[in-house]
Amino acid sequence: MRWINILLGLAVAGILGFYGIRELLADPVYFLELFLGGLVRGSIYALIALGYTMVYGIIQLINFAHGEIYMIGAMTALIVASVLGLWGWHSAVIAILAVVFAVVYSCAYGFTVEKIAYKPLRTAPRLSALISAIGMSLFLQNYVMLAQTPEFQPFESLIPDFAFWEPYAHIITSVELAIIITTVVVMILLGMLIKFTKIGKAMRATAQDKIMSSLVGINVNNVISTTFVVGSATAAIGGVLIACHVGQINFFIGFLAGLKAFIAAVLGGIGSVPGAVLGSLVLGISESFFTGYFWSEYEDVFAFTILVIILIFRPSGILGKHETQKV
Amino acid sequence: MVTKKEIKQSVVIAFWFMLLTFPIMVIKVNTIKNEVIFRWQALFWTGVGTFFASLIWNYFLRLKESKKRADIKDDVPTVHRLLNTPQFRTPFLLAVGVFFLAYPFVFPMYHTSIMISALVYVMLGLGLNIVVGLAGLLDLGYVAFYAVGAYAYALLNLHFGISFWVVLPIAAVLGAICGTLLGYPVLRLRGDYLAIVTLGFGEIIRIVLENWSEFSKGPRGIPDIPPPGLFGIELGQHATVIYIYFIVIALVLTTIFFVNRLENSRIGRAWIALRDDEIACQAMGIDKFKTKLTAFALGATWASLGGVVFAAKTSYINPMSFTIWESITILCVVVIGGMGSAIGVIAGALVLILLPEYLRAVAEYRMLVFGALQVIVMVFRPDGLIKSVRKTYKFERAEK
Amino acid sequence: MKSIFKAIAVAALGLAVFTAQGFAADTIKIGSAGVISGDLAPYGISALRGVEIAVDDINAAGGVLGKKLEVMPGDDVCKPEIAVNMATKLVSDGAQMIVGHICSGCTIAANKIYKDANIVVVSPSSTADPLTLSGDHPNFFRTIAYDGAQAKLMSSFVKNELKAKTVALVHDKGDYGKGQMELVQKEFEAMGGVEIVLFEGVTTGAVDFSAIVQKIKRSKAEVTLWGGYHSDASKIVQLLKKKRVKTTFFGGDGMYGDNFTNLAGKYSEGVYATGPNDTSNNPLHKELAVKHQKKYGEDPGTFFYNGYACVQALAAAAEKAGSIDYDKLRAAMFDTKIDSPLGPIGFDDRGDVIGAGFSVYKVIDGKYTQVN
Numbered sequence: 001m002r003w004i005n006i007l008l009g010l011a012v013a014g015i016l017g018f019y020g021i022r023e024l025l026a027d028p029v030y031f032l033e034l035f036l037g038g039l040v041r042g043s044i045y046a047l048i049a050l051g052y053t054m055v056y057g058i059i060q061l062i063n064f065a066h067g068e069i070y071m072i073g074a075m076t077a078l079i080v081a082s083v084l085g086l087w088g089w090h091s092a093v094i095a096i097l098a099v100v101f102a103v104v105y106s107c108a109y110g111f112t113v114e115k116i117a118y119k120p121l122r123t124a125p126r127l128s129a130l131i132s133a134i135g136m137s138l139f140l141q142n143y144v145m146l147a148q149t150p151e152f153q154p155f156e157s158l159i160p161d162f163a164f165w166e167p168y169a170h171i172i173t174s175v176e177l178a179i180i181i182t183t184v185v186v187m188i189l190l191g192m193l194i195k196f197t198k199i200g201k202a203m204r205a206t207a208q209d210k211i212m213s214s215l216v217g218i219n220v221n222n223v224i225s226t227t228f229v230v231g232s233a234t235a236a237i238g239g240v241l242i243a244c245h246v247g248q249i250n251f252f253i254g255f256l257a258g259l260k261a262f263i264a265a266v267l268g269g270i271g272s273v274p275g276a277v278l279g280s281l282v283l284g285i286s287e288s289f290f291t292g293y294f295w296s297e298y299e300d301v302f303a304f305t306i307l308v309i310i311l312i313f314r315p316s317g318i319l320g321k322h323e324t325q326k327v
Numbered sequence: 001m002v003t004k005k006e007i008k009q010s011v012v013i014a015f016w017f018m019l020l021t022f023p024i025m026v027i028k029v030n031t032i033k034n035e036v037i038f039r040w041q042a043l044f045w046t047g048v049g050t051f052f053a054s055l056i057w058n059y060f061l062r063l064k065e066s067k068k069r070a071d072i073k074d075d076v077p078t079v080h081r082l083l084n085t086p087q088f089r090t091p092f093l094l095a096v097g098v099f100f101l102a103y104p105f106v107f108p109m110y111h112t113s114i115m116i117s118a119l120v121y122v123m124l125g126l127g128l129n130i131v132v133g134l135a136g137l138l139d140l141g142y143v144a145f146y147a148v149g150a151y152a153y154a155l156l157n158l159h160f161g162i163s164f165w166v167v168l169p170i171a172a173v174l175g176a177i178c179g180t181l182l183g184y185p186v187l188r189l190r191g192d193y194l195a196i197v198t199l200g201f202g203e204i205i206r207i208v209l210e211n212w213s214e215f216s217k218g219p220r221g222i223p224d225i226p227p228p229g230l231f232g233i234e235l236g237q238h239a240t241v242i243y244i245y246f247i248v249i250a251l252v253l254t255t256i257f258f259v260n261r262l263e264n265s266r267i268g269r270a271w272i273a274l275r276d277d278e279i280a281c282q283a284m285g286i287d288k289f290k291t292k293l294t295a296f297a298l299g300a301t302w303a304s305l306g307g308v309v310f311a312a313k314t315s316y317i318n319p320m321s322f323t324i325w326e327s328i329t330i331l332c333v334v335v336i337g338g339m340g341s342a343i344g345v346i347a348g349a350l351v352l353i354l355l356p357e358y359l360r361a362v363a364e365y366r367m368l369v370f371g372a373l374q375v376i377v378m379v380f381r382p383d384g385l386i387k388s389v390r391k392t393y394k395f396e397r398a399e400k
Numbered sequence: 001m002k003s004i005f006k007a008i009a010v011a012a013l014g015l016a017v018f019t020a021q022g023f024a025a026d027t028i029k030i031g032s033a034g035v036i037s038g039d040l041a042p043y044g045i046s047a048l049r050g051v052e053i054a055v056d057d058i059n060a061a062g063g064v065l066g067k068k069l070e071v072m073p074g075d076d077v078c079k080p081e082i083a084v085n086m087a088t089k090l091v092s093d094g095a096q097m098i099v100g101h102i103c104s105g106c107t108i109a110a111n112k113i114y115k116d117a118n119i120v121v122v123s124p125s126s127t128a129d130p131l132t133l134s135g136d137h138p139n140f141f142r143t144i145a146y147d148g149a150q151a152k153l154m155s156s157f158v159k160n161e162l163k164a165k166t167v168a169l170v171h172d173k174g175d176y177g178k179g180q181m182e183l184v185q186k187e188f189e190a191m192g193g194v195e196i197v198l199f200e201g202v203t204t205g206a207v208d209f210s211a212i213v214q215k216i217k218r219s220k221a222e223v224t225l226w227g228g229y230h231s232d233a234s235k236i237v238q239l240l241k242k243k244r245v246k247t248t249f250f251g252g253d254g255m256y257g258d259n260f261t262n263l264a265g266k267y268s269e270g271v272y273a274t275g276p277n278d279t280s281n282n283p284l285h286k287e288l289a290v291k292h293q294k295k296y297g298e299d300p301g302t303f304f305y306n307g308y309a310c311v312q313a314l315a316a317a318a319e320k321a322g323s324i325d326y327d328k329l330r331a332a333m334f335d336t337k338i339d340s341p342l343g344p345i346g347f348d349d350r351g352d353v354i355g356a357g358f359s360v361y362k363v364i365d366g367k368y369t370q371v372n
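Quick note, the sequences are listed as chains Z, S and H, same order. Each residue of the first sequence is one higher than the last, beginning at 1 in the working numbering. Each residue of the second sequence is one higher than the last, beginning at 1 in the working numbering. Each residue of the third sequence is one higher than the last, beginning at 1 in the working numbering.
Treat the hints with caution; some may be incorrect.
Said to hold, decoys possible - Using C-beta positions, here's what the derived DEER-type ranges look like:
#	chain 1	residue 1	chain 2	residue 2	range
1	S	177	Z	222	21 to 31 Å
2	H	186	S	212	42 to 52 Å
3	S	365	Z	19	25 to 35 Å
4	S	34	H	370	23 to 33 Å
5	S	359	H	118	25 to 35 Å
6	H	162	Z	191	31 to 41 Å
7	S	266	Z	126	21 to 31 Å
8	H	136	S	100	45 to 55 Å
9	S	212	Z	126	48 to 58 Å
10	S	35	Z	90	39 to 49 Å
11	Z	126	S	98	57 to 67 Å
Just so you know, the hints here were simulated from the structure itself, not pulled from any lab data. We put the CB at the ideal spot given by N, CA and C, even for glycine.
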């Protein structure tokens, strides 16, 4: 069984490698463009996946409402930016304030959602929390739809097209560049938060064993709340940047993006911060190449096939820790 | 009853929500015309609404806590307790039987029609209950098998003119095969990794149906799927609906019978053991792979049968009916009803599918209310509406 | 035990309410079925508002055959199975005419019910060919031109006016989008002289379309034809412009309208789309826009005027037939000529609209302007 797996893996890698090199040599510009496009797409997934993976790591909950938090972040930014725009504020100030408000409000929503829908279910069966999350997601979508509008609204990019960047903008736009840079920065910051700070230590402890951590004096509820807040903040930043990238927004954008990001997080090994980024990049780049060289209709099929193949070889994702089951 | 502290707490919560919902509830922007409308009265109503909501919420939360402490031992749902008393059981079953028999003749066609939908979901729920409730395998791609059944009937009928009754067993077998096919590669996966792979499987089936137009007619769908035949008698629209209704009733009864028998069989107990502890279960000599595969295969069988009925009833299918949301709905049926409990799943399906239909009164707030209800049910009844009861044996000391 | 009795009592009460609805006053009931929740809601709501305003207008003028009209809205969420339930509900609640549905798939599924119940159906927006061309739906009419007509216009315009030699066809894999592109493909193959260099579907609502944009760039298509709705179109158009791909973007009526130009902003410049004939100079059209603004506080949506015309046609046919009996009403529909906000329209012998065709528009200075 093991040998067959390894042989199969090598065969797949060989074929992909052969094709890849052939195409690279045949049309290097196209190849690189696709790669760059995939990188951007992967970074988009990563911005959402980071929050997913943090929350999952700590309470093993697929936070279906995460996509909605992301949507609310973007929506808040839109509202703040339009109001300030009408009041005639300077565009740089608007951009900063919009992001700040988006982050603050997303955090508040994340915090509240956790308190309402997940905290009472801490000891309940895990699936109950999942359904509660789904209900929350449905509620938030419809809440925004009813309070605002079901229509798509244009989202004026908060990041201007800088004049000095113009010659390179067709290779990578300033927004795309911002997305990639932000992803890297957020990943590093989160990694540092978890590794070096006191709250990070508490998070790791809580993730391992809630009862034990509360015994050694960690306020588990606070740690979980903090995790939600941090996760929501990354979602808000992602929401604003992605809305700038696609230039539009409505109440439904969270669902699809959230789903893809979740897949990416699982691919990378759910619960692991670098794993989420790696998984997203693998997903984004492979989708991009598949669309570029094969048929875009089956892009998602390919993404899922990659997922299945990777999970067959590494059942806990690329960077996931393989946990030995205890009896 | 309400103390000063609670009121204070609720006031704080109300203010928190007023702050929280401020941008989305109060400000309405129109980026096209560059207008901003401030709706201050919304702020007021949010405050008042959340104040009372939080009072009620906290009250019930406390009630739940105190109840938990009080009767932790005797925790059998009322329905189960009632069903176990023979004086009640017979009349109850009789009443239910009469109700369902008379239903299509008493109520207008629309009600029969949505009842069919709900009953199809009962079948789907009971099928998924095998996989999720009994065997503990989280399956987010269950809709794929539903699609297999629906398309099996539509395509076999379209190309070969095969009738409903012949397709039914074919679809069951097809479903079982597909279940095994999905089950095989994912045997090693656990928990959410399994969930995501099954989700992927569901999406793959849908995308293929969407794009492979030569095979499935693509997104345009397949129209004019005939209803089930009755010895070649032509039935009118109303009669057909009633006929399908009774077919579904029969199928649901069969499903209940099978699931009930399965649950108490050797394989059923193996599933439950597998769900509770995989390693201990293997140590007891249960073949893990075989047990998991049967769970997938049997679960898929019911979904496939449900799909056939669905196609026959709707008379038109396209891939839009088989999205991930459908899987989620079926999962909600199982979890909200009560995982592992057949009665719970039936109740869950009836509530979850009929509720949105009756919620049409609140039209556009329908999905909002629906989402909120899901959260509320889960928070206050985390084990579902009617939770499952484990078979227990009591040894009582014989009196001398 | 008590709670069970309570539940039964509540259920009985509920049913009493439901059955009581069947015996309403002496009105003609128009079922308005379509999508009014979910992500396609804007389309359905626009049509429903058209129906509501039309009914208000007709009632204010004395109703039809001496009776008032009454609207019964229904929501099918654009899903065929729900559409069937919805149709059954409308029929059992006593609907005598139907306006709807919005999505073609729903109309096809639900029309089986209406056909059996002998009810005339007029759709403001279902453009799928088989509805009228297959002959399976004798009770079906529509106030919008069918997809095939649009595909013909698109392909001939691309060949004759834009003089393109290579085209890329991109669609959103949906019922409407893919169907339209397949029709366009057939037209091109029949005409000859234009090479289809790309035929691809993309996932609607995706966050990034750069791969497909690069693919269009590599294919060197002179014209990119889009089958789908405005939101995805806007994303692709923006990326095409940002990545400086030299191709003319050309879409169907799913991306015609102000919502596209608003969404894509400056990037929409130079984009072509086919859309219903411009009737904004029609006096009724102007009047209705004002009415809509007054009643709902915003400009009319996509299918508002089509929805209005549906009710107009039904009312006119009923007056003409002198009854709302199915056979008479249906027969009268074919002879009905009305002055609708879409201009003077009638129906041909298949039930397709006469007089409301398509034109080609180009975005010039941020507004769609007619070019043919």
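Going down the list of hints, with the structure as the test:
Our hint of 21 to 31 Å for residue 177 (chain S) and residue 222 (chain Z) is violated, since their Cβ atoms are close to 51 Å apart. In this structure the supplied range 42 to 52 Å is violated for residue 186 (chain H) paired with residue 212 (chain S), their Cβ-Cβ distance being about 19 Å. For the pair residue 365 (chain S) and residue 19 (chain Z), the beta carbons lie near 52 Å from each other, so the given range of 25 to 35 Å is not met. Under the hint 23 to 33 Å, the C-beta atoms of residue 34 (chain S) and residue 370 (chain H), about 27 Å apart, fit the expected range.
A hinted range of 25 to 35 Å for the beta carbons of residue 359 (chain S) and residue 118 (chain H) is consistent with their spacing of about 30 Å. One distance hint, 31 to 41 Å for the beta-carbon pair residue 162 (chain H) and residue 191 (chain Z), is violated here, with the actual separation near 53 Å. Checking the proposed 21 to 31 Å range against residue 266 (chain S) and residue 126 (chain Z) shows it holds: the Cβ atoms sit about 27 Å from each other. Against the hinted window of 45 to 55 Å, the Cβ-Cβ separation of residue 136 (chain H) and residue 100 (chain S) comes to about 34 Å, which falls outside the hint.
The hinted range of 48 to 58 Å is not satisfied by residue 212 (chain S) and residue 126 (chain Z), whose Cβ atoms lie roughly 36 Å apart. In this structure the supplied range 39 to 49 Å is violated for residue 35 (chain S) paired with residue 90 (chain Z), their Cβ-Cβ distance being about 21 Å. At roughly 40 Å, the beta-carbon separation of residue 126 (chain Z) and residue 98 (chain S) lies outside the given 57 to 67 Å, and the hint is violated.
In this structure, the earlier hints numbered 1, 2, 3, 6, 8, 9, 10, 11 are contradicted, and the remaining ones agree with it.
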